[in-house]
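Position chain B against the provided structure of chain A, taking the given hints into account.
One-letter residues, chain by chain:
Protein chains: 2
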Amino acid sequence: MKHPLLLSVALLASCNAAPAPAPTKETAPAAAPAQKSALAPTEIVAAAPAADWAAIAPSDLLVMDLASDAKGAARRVVIQLLPAPFSQGWIGNIRKLAAAKWWDGTSVNRVQDGYVVQWGDPDGEDRAKAKPLPAGIAVVPEGEYQLYDAAFTAEAAAGQAAKDTLRGMTDPYAPGYMFRDGFPFALSGDDKATWPIHCYGTVGVGRDYPPDTGSGAELYTVIGQAPRQLDRNIAVVGRVIEGMEHLSSLPRGTGDIGFYKTAEERTPILTIRIGSDVPDLPRFEYLSTESKSFAAYADARANRRDSFYIRPAGGVDICNVPVPVRRVK
Amino acid sequence: MKHPLLLSVALLASCNAAPAPAPTKETAPAAAPAQKSALAPTEIVAAAPAADWAAIAPSDLLVMDLASDAKGAARRVVIQLLPAPFSQGWIGNIRKLAAAKWWDGTSVNRVQDGYVVQWGDPDGEDRAKAKPLPAGIAVVPEGEYQLYDAAFTAEAAAGQAAKDTLRGMTDPYAPGYMFRDGFPFALSGDDKATWPIHCYGTVGVGRDYPPDTGSGAELYTVIGQAPRQLDRNIAVVGRVIEGMEHLSSLPRGTGDIGFYKTAEERTPILTIRIGSDVPDLPRFEYLSTESKSFAAYADARANRRDSFYIRPAGGVDICNVPVPVRRVK
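Protein chains in written order, with my numbering: chain A, 1 to 329; chain B, 330 to 658.
Since the hints were made in silico from the structure, they are not lab data. The beta carbon of each residue, even a glycine, is placed where N, CA and C say it ideally should be. Any given hint could be a false lead.
What the hints assert, rightly or not - Partial list, derived from the structure: chain A residues whose beta carbon lies under 8 Å from chain B:
| # | residue |
| --- | --- |
| 1 | Y173 |
| 2 | P251 |
| 3 | A313 |
In isolation and in its complexed conformation, chain A is listed as follows (with noise of 0.2 Å):
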């Protein structure tokens, strides 16, 4: 085996395998790893039974059709919503967008390398040439980028302590964290505040400077190391599960922060609609995060012992742990 196995799991799991063996000539010859002292993380999802997957619900996706690339091929990107409470008057205003099928030729406006891909209406910024926003869209207080919610946190905290999955991970953005529902947050040292945190593939609300904290109508994924001083600055509203290389690879925007500089460079957006109204869509489930597999898969994350590794890191980033994700087949 030359390569280390790729597995079956979305996205965000799979940046998991290690970089391909060197075609060096004074390599060993390496038919078989040398040792082999622990599974993998990726070989722990796989062996994950179905009891410890959870399904997403379709109404809990948000589905965006880019126009085809330039061979034609389709280009669809998977976002599952945050669950309650947080984030709920963004996402409320979201599901209303897609309804309204507001978004539909829109477009792909801003790509800044190492950061953010953006989208929604691209004359926003123009106020004679604003798209009108659809009825019933609330103004979201500041106050919701972080919550209290001594039930969700409780339950995840107990459970984790629990089964002691994430010792050696601290977090220099927040005094702790937790995994709960899907997704990763952060917790103050009072634990009398939550909030869910950006990492690689999180989906989130564009704003203008406070007290604005945005509509819903655009948004960003991050396609760069985890800008964790956006944290309860601006809102986090969901994550990409499928699709996320057809916002990280197009092309870098060679305006001011990546915005493109001619209408011709933007990716139109073909539509948005919230899960339950694509017929064609696949079913999505992700690693219980309160599951006995997660909880080995980010012990694994923390220390790799599989036979690639010769030092074991002894800790880990909380974005570093993404959250498996897989069709349901």
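Quick look at chain B alone, frame taken from chain A:
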């Protein structure tokens, strides 16, 4: 001002800018920010005096020219090599490979979303077809993944403690950290080992299973969340300082771990040379990691108080303090 200002600092520093304002009708006019209590990191970099910038010797650059893109535009990637004493065995090999024009006619063979782009001999894994390496390529012991250089470490640690730059920065992967000579490093708890780390844009050496350590002929660049689990398990040799978008926006491979399935999908490499052998290369400099400006920049990255932010994080990940680079005017 509707867009946060983008200053002319090369790629890695530019990921600093905030997502653009949302084009919403309920947005306050925001012709000017409500308040301006502190400089943004990019503003600190723009204001840094000339003395705070350090020249990068062309002999410490590796320049990769890819085949032109579909529109005929040139694609050049510039890599700054790690300072001594780190990874010098592999870097010595890389200098020999460039001098022998060994990479000319090879290709980018793997693009795995959120992880790495990898290049070198596409036939490297087929012993019958692999391109022979030039004479004098060293086998580097794995002990070189981490080193201890008392003077290098002590000088950096003392300088940074005095500057109080990095308060609020913890690292889940290592007990300590430091910046020196334009790069981030991790430290062991007993200060007996120092090692370069994997961030967005880091360049490393592909290898086979241990005890192989790679020759340097197959290289990769990180295009997603910092895969810090690779630290001390694989050799870091530098980082991309210009042209990162030519790698990060390449189409993702659809084979195992992002390898392209067909030769046609690969991006040809025209040449790879050491910078001192490239006649038309601009001069580059980095914001000295020993300067007061860098200290202020790192502090601002950890505590965003510029007008877009409402809650400074109070901490920062070491990979979220990319060392600014610019072309010399």
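Give me the numbers of the hints this structure contradicts, sorted from smallest to largest. No numbers; nothing is violated.
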